[in-house]
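Assembling the complex is the task here: the two chains are given apart, and the hints tell you how they should meet.
One-letter residues, chain by chain:
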Amino acid sequence: MTTQRLDTKDGTVVFLEESHALPLVTITIATRSGAAHDPPEKTGLARVSTRLLMRGCEGADARKIEETLDGLGAEAAEEVSHASVALGAQGIVRNVDALVDLLSRILGAPLFAEAEVARLVREMDADLLEVRDDDRSLAERALRKAIFGDHIFGRVTTRASLAKITREDVRGFHAKHFNKKNIVVAFAGDVTPDQSRALAEKLVSRLPTGEAIADPTPEPIEKTGRRLVFVDKPERTQTQIFLGALGTSAKDDDHFSLLAADAILGGSFTSRLMREVRSKRGWSYGASSRLDVARRRHWFLAHTFPAAADAAPCIALELDLIENYAAKGISARELSFIKKFLVRSYAFEIDTASKRVHQALDIEIMDWPADYHSGYVAKIKAVELGAANVAVKARIHPENLAIVMVGTAAQILDKVKAAIPNLASTDVIPFDTV
Amino acid sequence: MATQKKIVQAQLDGVTFDGTVPFSNGLIERYTLQNGLSVIVLVDKSAPTVSYFTWYRVGSRHEKPGKTGLAHLFEHLMFNETESLKAGEFDRKLEENGAETNAATWVDWTYYYESLPSDRLGLAVQMESDRMAHLVLRDPQVTSEKEVVANERRFRVDDDVEGAASEILYKAAFDKHPYHWPTIGWMEDINNFSPDDCAAFYKTFYAPNNATVIVVGDVKTKDVIAKIADAYGKLAAARIPAEDYQHDPPQQAERRVVLMKQTPTPKLIIGYHGPALGDAEHVPLSLLVEIMFGGRASRVHRSLAIDLEIATDLRGWVSTFRDPGLIEMYGTAREGKTAEEILSALDEQISKARDELVTDDELARAKARLELSLLRSLETAAGKAEQIGFYATVLGDPAGAFARLEAYRRATASDLRIAARRYFVDNARTIVVVTPELEAEEEKAEESAAQ
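So the protein sequences, as listed, match chains A and B.
To convert, note that position 123 of the first sequence is 123 in this note's numbering; the numbers rise steadily by one, no gaps.
Take any residue in the second sequence, count from 1 to its spot, add 434: that is its number in this note's numbering.
Next comes chain B alone, as it looks inside the complex (with noise of 0.2 Å):
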């Protein structure tokens, strides 16, 4: 492997080699081009297939007020026009050589994949740093997306109750913070954007300086690296702004938002201000998350959906954002049960894990359940190019999905107990009541027939 590595920056300048990662069976490496692009190659040849993923340091953390969405709308004018093809003809060219594409955006970032037969690798390398630096955007096509995105958002959040919600417990837990707004953006915002307000968060954000590429799958490191800086290697870079935003302060009384929605029973999501994903009490309190609602042998489902039969799809997690983010704990309630027995179970809950060690047992069981979670997501090459890229956008370690491993196995009873005193704190808690329009409006009618 050594000597592969010399070679590839004895041939190739402006190319720099970084060094190798072990990750998985692998070895990453990584490379970094003059004008800032960084590469990160992982082969694996257990399928004649390559995962070309783009990471993009840019989400809607980086929007302002009145032009939230515009980092999601990218991820749906990405596929349009460039200056050499023709909008439509992006997605044509990929799936005429048998390519699934796709791309997300969430808080922190953006990314764009493709997943090819590994002989079409060149196709993925042209066509990403084509639209990298010479997308156009104009109308018709910026208007129609923006009609995409309306829909988008009908369909994840107006007319879904969860995803209602999930905007609403953000918006109330966060002032000034960018989590504030929803990265899918509000809709106002969404049917105002001009081609303007896109060109320039174009010319700002999308840049080789801004960007990971990581390439997984049955290549040659050499070769890859070849076709990488022949295509971005004439990119220019950009001068990425310092951010500019503010955190909020301190929570210090509970929040609650009562929300009346179309649905068959009352729904409670809570939200306590958590750390940030490279914090190190993200990993105690992501077992202890895991001890609380993975699975249905954890302590919140046996108790809620189990025992007491007054919940039903009871989920939690915690964020995995670069600032820190929220513990989430979900919870529907059987029918004729009520969001407030739902939230009194659950404070028992919560209590118990500030109060109490978690057990050897409970313990043993969240490692290894997350441990399955890990190595489930690395059964393709795009599982794994999903997780190099994740961490390596976010932390900057493209292992650090094994380095969270191990951190996992190193964790205590303690150190959950610790993390669940400083964290579950009732005063900086948000709380959304979801409550069945059908029910408000039969209180209301009592309350009136009462007076």
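The following block holds chain A by itself, in its conformation from the complex (with noise of 0.2 Å):
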């Protein structure tokens, strides 16, 4: 089945990948634009605003859309990053009319009263303090600061910025981002064409038309130097670790090369760090590394999490690693192996219409190359040796590498340290600040 495209008669572009496999629609409603807007003291505002849309719209409150939701046998999510925002539904497909009714007044007449407003930033306050919980999470927002600094992509949301939010930045934020020619919508399952067309008119009949809106992130830049970020927290008996630098863009020509060698690195159960650190070791459960892709230039990572003892070693392992992968390359086995496996296992990328759909989306939000996805299994075939290996040589740079991880400094701080040739800094930052 091929993604078909339905676009309103305003122009709101609409896609469509329908199986009649199970008796089920998922509909997606994305704007072009996302938190990147946030303004940096208010960091969260995307989040806030597309989340309060389900607390309230013109003929129901927060309560009446949750239980009609629910009678409706649908669920319903936010989805945030900095290049979009997304709500998306699921339901059974008996009751689409209903829920697309339902979902065209969320979208077109949200309330967001007062009330609701104020207990959502109580309820993501309350999530943010539990986050302190989760040390994979804990590292995560450590390692965007070290990795982006100031930059849109290094910011996280903080009780702070959540606290300065207001209802009329909500309103603002709705008002700006919600509009026919900023939102994309995509349906997957069991409709057909015409009804999809009926439906998306529905959808956007409430909303102004507008314009699209431009994305305010700039290209990140390269820190330079090896930069421990230690985050301390008591009684660890387990490390989180992340090596982490900038990586790949969509647009960049070596692009493919660069995913193909990564997944020799750190990106399949066989990989460098999974067979020296996992399997020969035995110092951690997961062992990977990976080039996350977005409108911009995003990270490269690579994540280990070790016992307490293990963690020195460890890290002086995957430098090691790393060093070689950057100097050396990976070998033509590697390649003619990974590509084997990236290609065939492609299947699974678009084994499910919504899988499909979403791929039509991220071309349209993402400014991806139009051909990103239907020519990646050509493109991975089409990778060769020498140009991979330029490729991690320009890309990866061992010596540049934020170290950060969670762990009780007291027990091994100083070997982590002492783990980490030419360490240039190290900053020891308490959990319950991070």
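Hints listed in this document are in silico derivations from the structure and should not be mistaken for laboratory results.
Just so you know, these numbers come straight off a predicted model, no measurement behind them.
Just to be clear, a hint being listed does not mean it is correct.
[Stated by the list, open to error] No more than 20 Å apart at the CA atoms, straight line, and that leaves these computed lysine to aspartate or glutamate pairs for DMTMM-like:
1) 280/A <-> 525/B
2) 180/A <-> 78/A
3) 498/B <-> 509/B
4) 479/B <-> 349/A
5) 64/A <-> 741/B
6) 520/B <-> 334/A
Put into structure tokens, the structure is as follows:
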């Protein structure tokens, strides 16, 4: 099945991926702009605004919306990134008309009641407090700052930034970003093109025409030197370790070469990291690397979570592996293997209607090349060894890594510092301030 | 379909056709090999993929004290060396063919799966049949995998507040039954396993007559059965020992455990002794727990999180075990609120469930939510295979998910209240309170100052 395009009469882009395998429909309404527009001191505004859509609209308060969705056999959730915010709903198809009627009011006539704004801010504040229980999340929050600094990608929502968000901010965000030209609608599942056209018209009927919003995100700048950021938390028997730097952009000529090379380093169960850290030494349950792809160059990360006693040797080993990777690249045998893996496993990137329609959404919203997904298999097949090794050398700089970890400083900090050659700086941050 | 099945039977000695069962918009076909291996096939052409699940009827309930975690350790060891494959080759071969592969273990079962492009089915058949009978269990792989599992335990239990509390809940709620110990095992036991322990466990439980293979995807049944018969037909059945465990006597008094943890706010877990998955009252209780905890419109969320604002992250579920498990309720206190406040508010909701009928609207919403949940789990071939394998293994009914959906539709408000009265017995509950260490230290200091 091919994704169909069924734009509305006012120019809202609409996609449909038809599948009648199950009586389900998934509806996604995504904006072309997102959290990159949050004022720095009010980071979290995009998420608060999108989540508040579900907390009251014309004809239904928060409770009524929640009960109606449940009764329809539907669920809705928001997804927020710097590039876009999305409201996604999935439901049993027999109730799709009622679901779209509700979503239309949620999108076009939200209440943003003062009491609901305040309630949501308190809820999110409580959730932020609970992040202190999640060592991986603590590490990832510290990592953003360590790699991106004051850049938009470096911002995280804090209790202080949440507290500054007002109802007027929320109304302003909705008015600016939710219009017919700045949203893209996607249907996946048990609906026909004619049904989808009618549903899409209804869905956007209450929105103004408006204009697409430009992305204010500049390209991030690479930080130099090896910087250790140690998030200090008592009583850790285990650590969370990220080694990271800037990675790739979908528009880079060497993008697919770097994706293939990274999969060899840490993108499969038989990758170099997995083999050396887990299989040979048993140091960490997981050992992986990844390249996130966004609208601007995002990060390259290697992640492990060894026992506290193994943290220092594990970091030393990872640095060795990354240095070797950057200096010597990958082998022809490795490349041949990973190309087979990536090409053959691509079937699982497109095995549901929802996944297929989200590829269309990516292209429309993220400003990636039009054949980014459709040409993926051919581009991976075309990766050459020489080009891949040039890409690794050009993009991965082991001398400029941020090393961010959560652990108990009194136990292991000195050993960790000693395990990092050419360490340029060390910051120790109490876990309850991340 | 009938013609094809007859042909399969006629052509393959040693394969018995056991019948068909409707499943979603397809038809499950069941076969048994002479050595006892059950095979279930569902043809699903919605994507050019196939999922190959092998469910073994062995879990942590089959372990003995001192050897806990052995079933789960196999989830790791099974990806290592076989008589014909060097360590690391198993994953490498599968990845080279584009496969996703993983495994899971719980109290009653262990499963392994591969999802592959459908033209690679033969590889999964070959490799799963190989490791069912020809696994090599020796050092250094066993020692290395013990280290990995110890690290998994640190990540899932020792450094995870909810994981630690959940482990203590079951330890306190069950004394004699094997649900007393965690599936991942006690750390001391993990560290002490020898290759001989592993070999004995493997010989006992890894055999065709203790397994069910589920194949879902873009395949031809005849081809699937032929491949499986060829690969597994020569494997010998094992003598699976009769289970030897005791049920606990009915709990007569509430049990409480306080756990000190490095955590910002208090947490509470309550466990009521509940029904087995196959018990008739599992269905109404699941609906009731959905009404109490399912989503923001649920009773508990609305009361504790929205109206009273004393808690966040409220969840409840009925364990889906072969033997009676627990009805678990979990809550995190808001800053400045206590576990006792959560308990008191939860008790009001539990009393209400025992005393009053749920409304028609509440019941209809819970049924719709659970129907959606089932449909969502069937979006991929792997999702379908997992549902089929789970119900085939625990209840002997591969279409059990749909039988359950029908049972949800039949359930009445009266059924829910009767189930609440039978199972929400406060004397038979266990409570774990997680107290932040800083808070505990401050209380101690205040007590000392007062003295």
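**OP:** Quick one: which hint numbers does this structure break? Sort them smallest to largest.
**Re:** none
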